[in-house]
Amino acid sequence: MSSEGKHSLPPVIEMDSLIHEPGRLAIMAHLYVLDSADYLFLKGQTGMSWGNLSSHLAKLEEAGYVEMLKKFVDKKPHTTVRLTKKGREAFTLYRSRMRLLLEKLPEK
Amino acid sequence: MTAVVEPKDIERRAYLSYHGDGLVDTFIGAAVMAFAAFIAYDPEMVTVGAGVLCSFVVLYAGAKKAITVPRLGYVEFAAERRGKISKVMLMATSALVISNVIGLAAWMEPSIGVFLAQHVMLVAGGVGGLLLAVTAWFSNLRRFYAYAVLVLAVMWLGYRRMDLWQTLMAFGTLVALSGLALLIRFVREHPIGGR
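Here the protein sequences line up with chains A and B, keeping their order. Under the working numbering, the first residue of the first sequence is numbered 1, with each subsequent residue one higher. Under the working numbering, the first residue of the second sequence is numbered 1, with each subsequent residue one higher.
In isolation and in its complexed conformation, chain B is listed as follows:
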């Protein structure tokens, strides 16, 4: 038997309660849907679409301030946790930069473009799955492992059957709906004004 206080458990519980609002899922899903809509309209707008994704970060921060903070309160996590979050942000930014570099390379070297055009869904699924799995690892949000599997499954099912924008739209919709379900539960469990 031990009654020794375990700080890591307390910190983890506090962090998970702060991110159990479903907002990150909702915004990631919505961002992917928006990106899919961009490339459905014009595949060459992929760079513009990627830029639009960045605006969702600002929207997410605003939503956190408007929805979560009035219900849960304000907290600043310690440097170690902030460092992990920074790694996730750095990774997401790197993925966006790399995708733009690949797009540029494909434009400059047609053979790369041909390869990507033929296997884009497998490449996108692999990269997306890896990104989500690493996010799950650093953020301790285990549901992101499920999203990693989901993106791989959606891309594999859509391979040679659907267009990339359709599979992205499907994936984004599922993640956004999952986020909204979490958000609705969160709002019901945490009315404004405390318990």
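Only chain A is shown next, with the shape it has when bound in the complex:
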């Protein structure tokens, strides 16, 4: 790691490893730009399997980054997912740190 200021990188260890996982990153990125979406829509957009998607969403929900909204549509139970305030702030922070990290990389 360079000791010169212009090449010093932000600590990679501060990156949110929960969001940094590719599958969860894809989910968070989609929910960041959408108000809410159901499992089927997220599955189609991210290309994940049902099991993978459920597993990642469970981890994100446990961390308080997403919330599940259950309601009835045409008398059938329907679940949609959206980012919580904490999740939105976490993703914004992750994005800015990632951008900073990549911008600080010297050109080869």
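Heads up, some of the hints might be wrong.
Pairwise CB distance ranges, derived in the manner of DEER restraints [as the list claims (entries may be wrong)]:
1) B:90 with A:68: 32 to 38 Å
2) B:83 with A:61: 27 to 33 Å
3) A:68 with B:78: 17 to 23 Å
4) B:79 with A:77: 34 to 40 Å
5) B:107 with A:74: 18 to 24 Å
6) A:96 with B:89: 34 to 40 Å
7) A:89 with B:83: 35 to 41 Å
8) B:101 with A:77: 44 to 50 Å
9) B:83 with A:77: 28 to 34 Å
10) A:69 with B:85: 18 to 24 Å
11) B:161 with A:78: 51 to 57 Å
12) A:103 with B:78: 33 to 39 Å
13) B:115 with A:69: 51 to 57 Å
14) A:69 with B:80: 33 to 39 Å
Read the hints as simulated data drawn from the structure, not as lab findings. We put the CB at the ideal spot given by N, CA and C, even for glycine.
For this one, chain A is given, so just place chain B on it according to the hints.
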């Protein structure tokens, strides 16, 4: 090289996949055909025909729920996108209101009626093309630019050669067929039950 997530690209892809079903094209084409049939039957029924167009909005919403949602899932776009869609709806409603006002003015002032009767296709083509181009701009559905050019071309070709209802029927048929082609492809690519 950048691996920075670009939210705008993700949102745009999600939005385009949701509207790649061809339903809006099919219903716009069918609505224009229905309108053409109304004025072919009785040109003075143009106001009634315009009112019928509004019912297609309800039919479109129902078709979206029956065809697209079971295949793609349910999504609510963010306020910024909803705002753009609202602008398109407002524009379409304004166009309908203005056309009715023009119709009323033509009825009250015969000289306006004479002018419109002589150049109705150019006026309709210009207004329709502008409406479609602005819709394309706000909705990011680029194929609507092609529809804007199409309506201008159809109206220009039909000017002084065909009746207005014939050119509208031709335009509506082409758009509806384009929509149906998209719809067939969409249904094949997205079977119910997911991939």
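A quick look at each hint next to the structure:
no. : hint                        : verdict
1   : B:90 with A:68: 32 to 38 Å  : 34 Å, holds
2   : B:83 with A:61: 27 to 33 Å  : 29 Å, holds
3   : A:68 with B:78: 17 to 23 Å  : 19 Å, holds
4   : B:79 with A:77: 34 to 40 Å  : 27 Å, violated
5   : B:107 with A:74: 18 to 24 Å : 45 Å, violated
6   : A:96 with B:89: 34 to 40 Å  : 35 Å, holds
7   : A:89 with B:83: 35 to 41 Å  : 23 Å, violated
8   : B:101 with A:77: 44 to 50 Å : 47 Å, holds
9   : B:83 with A:77: 28 to 34 Å  : 30 Å, holds
10  : A:69 with B:85: 18 to 24 Å  : 22 Å, holds
11  : B:161 with A:78: 51 to 57 Å : 53 Å, holds
12  : A:103 with B:78: 33 to 39 Å : 26 Å, violated
13  : B:115 with A:69: 51 to 57 Å : 56 Å, holds
14  : A:69 with B:80: 33 to 39 Å  : 21 Å, violated
Checked against the numbered hints above, the structure violates hints 4, 5, 7, 12, 14; every other hint is satisfied.
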